[in-house]
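Novice: Sequence:
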Amino acid sequence: MSIAQQPFDLDPDFATSIERHYVNSLCPLTDGKLYISGDIRFTGELSSRYFLRLNNDGSIDDGFPDVFAGGGKITPWSNGYYCGTGQQVSRLHLDASMDNSFDMNSAWQLVSVFQGGDYHVFPDGRILFTGGCPMNDPDHGFVGEYNLVWFTNTGYLDTTRIHRKGNGNMFEFEALHPASPQGQAGQFVCSIQGTEYEGSPVAPVFRINADGSLDPSFNAPLQPWGESRVFLPLENGQVLAGGNRQIIGQPDTICVIRFLEDGSLDPTFHLALFKDTLGYPSPWVSDIETLPDGRLMVVGNFDEVDGLPRRGIVMLHSDGTVDESVFNDAGCDPYNYTVGTSQYQSRVIGGITPAPDGSYYIYGSYNGYDDGTTSYPTQRFVSRLYGLNVGVQEHKMELLRVAPNPTYGPLAVTLPQNGKALRAEVLDAHGRLVRSDRISSSTQQLSMNLSELSEGAYVLRLHMQDGAARHARFVIVR
0 MSIAQQPFDL DPDFATSIER HYVNSLCPLT DGKLYISGDI RFTGELSSRY FLRLNNDGSI
60 DDGFPDVFAG GGKITPWSNG YYCGTGQQVS RLHLDASMDN SFDMNSAWQL VSVFQGGDYH
120 VFPDGRILFT GGCPMNDPDH GFVGEYNLVW FTNTGYLDTT RIHRKGNGNM FEFEALHPAS
180 PQGQAGQFVC SIQGTEYEGS PVAPVFRINA DGSLDPSFNA PLQPWGESRV FLPLENGQVL
240 AGGNRQIIGQ PDTICVIRFL EDGSLDPTFH LALFKDTLGY PSPWVSDIET LPDGRLMVVG
300 NFDEVDGLPR RGIVMLHSDG TVDESVFNDA GCDPYNYTVG TSQYQSRVIG GITPAPDGSY
360 YIYGSYNGYD DGTTSYPTQR FVSRLYGLNV GVQEHKMELL RVAPNPTYGP LAVTLPQNGK
420 ALRAEVLDAH GRLVRSDRIS SSTQQLSMNL SELSEGAYVL RLHMQDGAAR HARFVIVR
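Residue 0 is where the sequence shown starts when you use numbering that gives the first Met the number 0, and the numbers rise one by one after that.
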């Protein structure tokens, strides 16, 4: 007798044949395929691939050409993708071919990248870049190393803006939620391996204004130790942060923190204790995904959370306590590898990404995965988990109706009567979120004007109050 599929169980219909070393970023497409970026080799290969496309079952898409870019974070953009390449950033077309109209080396006389960090893409294609960047632009007053640098949408140094520096490299940073007052003002939450920014003392996590200047109203009570690997800004102006940090006056390493709008710790959020026994100096959290019901899916390098066994993946309630109904005794197994004559182990889930069909992809550097019910020793580097809508009986599911389909712009969505819809999202053919609308509790039919979107195929995704998602495909014509 087979066991019914449950949300967050592993989907055995997806498996990769990646042999080494890690997957750094992933972007699902609406046709079921996905782009992955990292340091990737398959059996018998002597050199790495850094950007490639997988089929819906995890096999290599043999029709995908070699891409001489990638390895780092993939960021969808209106006309393609940006992707970390080495210490810099490359831009790709929609088919992932290189967009040579963007070149960060074009300003090599003025700036170089000694240490790449993170980047943010603006709608017009400009990027804001963190790391360590030696500059020699005396005409505009910038000589020495800078840690927050602006580039134009061609990759050239933006000489119209003020570049910023600290006394240490800056890495992870994130734009605040656009629905929050800070997000509407264009602010960012940042991390630094230092204690000063623009000559002012700062905590390891701080906030900057849209022009890069320091916002002194945000003060996080953190010791200058550890690192931030993910920021998740919330609609109310608060920020979830993952990594490994220490709070002033406390000895424990904390991996998930929720900051209030002024940078103080949210006293209602439980600070779960993460542990790692594999041999790393400290556990860390590398990614956080919020669910429609407020729970937090958290991944990283750890094997215990508040005394409960969780190997690289855990579900937290919205208050930070562990949800003991999910991922019991679940998680990834170590990946063993050799560098020279030295042996190493890695057991890290580096990220989690929702797919248009409601499933979730996890990725990182691991060999084997157990969903708490079944062990899958051949799962490596990328795996797919069922979403919240799995196991729902078909006769209880209402079809999501949209009309007209095709449409030239106006779209009427008949909302399900069985359950409350909270948010409607529109994703393009490459899985990128292009529209997100809140849904009023009294609304029975949602009217959307999508005339600003270009011609093509799209997916409408409804997030329900019970955590499930409903989907409908539609086409825009011109």
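Hints listed in this document are in silico derivations from the structure and should not be mistaken for laboratory results. No experiment lies behind these values; they were computed from the predicted model shown. Among the clues, some could well be false.
[To be verified] Lysine to aspartate or glutamate pairs mimicking EDC-like chemistry, simulated, CA-CA at most 20 Å apart: (1) Lys-72 <-> Glu-44; (2) Lys-274 <-> Asp-302; (3) Lys-72 <-> Glu-226; (4) Lys-72 <-> Asp-38; (5) Lys-32 <-> Asp-94; (6) Lys-274 <-> Asp-305; (7) Lys-72 <-> Asp-102; (8) Lys-419 <-> Asp-369; (9) Lys-72 <-> Asp-123; (10) Lys-32 <-> Asp-61; (11) Lys-274 <-> Glu-234; (12) Lys-419 <-> Asp-356; (13) Lys-274 <-> Glu-323; (14) Lys-274 <-> Glu-226; (15) Lys-419 <-> Asp-465; (16) Lys-72 <-> Glu-288; (17) Lys-274 <-> Asp-251; (18) Lys-32 <-> Asp-302.
[To be verified] Okay, the calculated beta carbon distance ranges per label pair: (19) Leu-93 <-> Thr-337: 34 to 42 Å; (20) Ile-246 <-> Ile-161: 28 to 36 Å; (21) Ile-246 <-> Arg-472: 41 to 49 Å; (22) Leu-93 <-> Thr-289: 36 to 44 Å; (23) Ser-446 <-> Gly-43: 49 to 57 Å; (24) Ser-263 <-> Gly-62: 51 to 59 Å; (25) Thr-413 <-> Ser-453: 19 to 27 Å; (26) Ser-439 <-> Pro-122: 22 to 30 Å; (27) Thr-267 <-> Arg-472: 34 to 42 Å; (28) Gln-416 <-> Tyr-336: 36 to 44 Å.
Cβ coordinates follow ideal geometry from the N, Cα and C atoms, glycine included.
Novice: Take the hints in turn and mark each one as holding or not.
Specialist: Hint check:
At most 20 Å may separate the alpha-carbon atoms for a hinted pair to count; Lys-72 and Glu-44 exceed this at roughly 23 Å. A C-alpha spacing of about 6 Å is found between Lys-274 and Asp-302, which places the hinted pair at or below 20 Å, so the restraint holds. Of the pairs offered as hints, the one joining Lys-72 and Glu-226 holds, with about 18 Å between alpha carbons and a cut-off of 20 Å not exceeded. Pair hint Lys-72 plus Asp-38 holds up; C-alpha atoms about 12 Å apart against a cutoff of 20 Å.
In summary, the hint linking Lys-32 to Asp-94 is supported, as the alpha carbons are separated by about 12 Å, within the 20 Å threshold. Distance restraint check for Lys-274 and Asp-305: the Cα-Cα separation of roughly 8 Å lies within the 20 Å cut-off, and the hinted pair is therefore satisfied. Under the criterion of a C-alpha separation no larger than 20 Å, the hint pairing Lys-72 with Asp-102 is consistent with the structure, at around 17 Å. Simply put, Lys-419 and Asp-369 have alpha-carbon atoms about 33 Å apart, too far for the 20 Å limit, and the pair is violated.
Using a Cα cut-off of 20 Å, the hinted pair Lys-72 and Asp-123 holds, with the two alpha carbons roughly 19 Å apart. Only pairs whose Cα atoms come within 20 Å are accepted, and Lys-32 paired with Asp-61 is accepted, the gap being roughly 12 Å. The hinted pair formed by Lys-274 and Glu-234 fails the criterion: a straight-line CA distance of about 30 Å is larger than 20 Å. Restraint check: the Cα-Cα separation between Lys-419 and Asp-356 comes to about 19 Å, which is no more than 20 Å; the hinted pair holds.
Note on Lys-274 and Glu-323: the hinted pairing holds, with a Cα-Cα distance of about 17 Å set against a maximum of 20 Å. Between Lys-274 and Glu-226 the alpha-carbon distance is near 16 Å, which keeps this suggested pair within the 20 Å criterion. Annotation: proposed proximity of Lys-419 to Asp-465 holds, straight-line Cα distance about 8 Å (limit 20 Å). At most 20 Å may separate the alpha-carbon atoms for a hinted pair to count; Lys-72 and Glu-288 meet this at roughly 16 Å.
Restraint check for Lys-274 and Asp-251: the C-alpha separation of about 10 Å stays at or below 20 Å, so the hint holds. At most 20 Å may separate the alpha-carbon atoms for a hinted pair to count; Lys-32 and Asp-302 exceed this at roughly 31 Å. Between Leu-93 and Thr-337 the C-beta distance comes to about 38 Å, which sits within the given range of 34 to 42 Å. A beta carbon spacing of about 32 Å between Ile-246 and Ile-161 agrees with the range 28 to 36 Å that was offered as a hint.
At roughly 47 Å, the beta carbons of Ile-246 and Arg-472 sit within the given window of 41 to 49 Å. Between Leu-93 and Thr-289, the C-beta spacing of about 28 Å breaks the proposed range 36 to 44 Å. Taken as a hint, the range 49 to 57 Å holds for the pair Ser-446 and Gly-43, whose Cβ atoms sit roughly 55 Å apart. In this structure the supplied range 51 to 59 Å holds for Ser-263 paired with Gly-62, their Cβ-Cβ distance being about 52 Å.
Distance hint for Thr-413 and Ser-453: a CB-CB separation of about 25 Å, consistent with the stated range 19 to 27 Å. Distance hint check: the CB atoms of Ser-439 and Pro-122 are about 27 Å apart, consistent with the given range 22 to 30 Å. In this structure the supplied range 34 to 42 Å holds for Thr-267 paired with Arg-472, their Cβ-Cβ distance being about 40 Å. At roughly 53 Å, the beta carbons of Gln-416 and Tyr-336 sit outside the given window of 36 to 44 Å.
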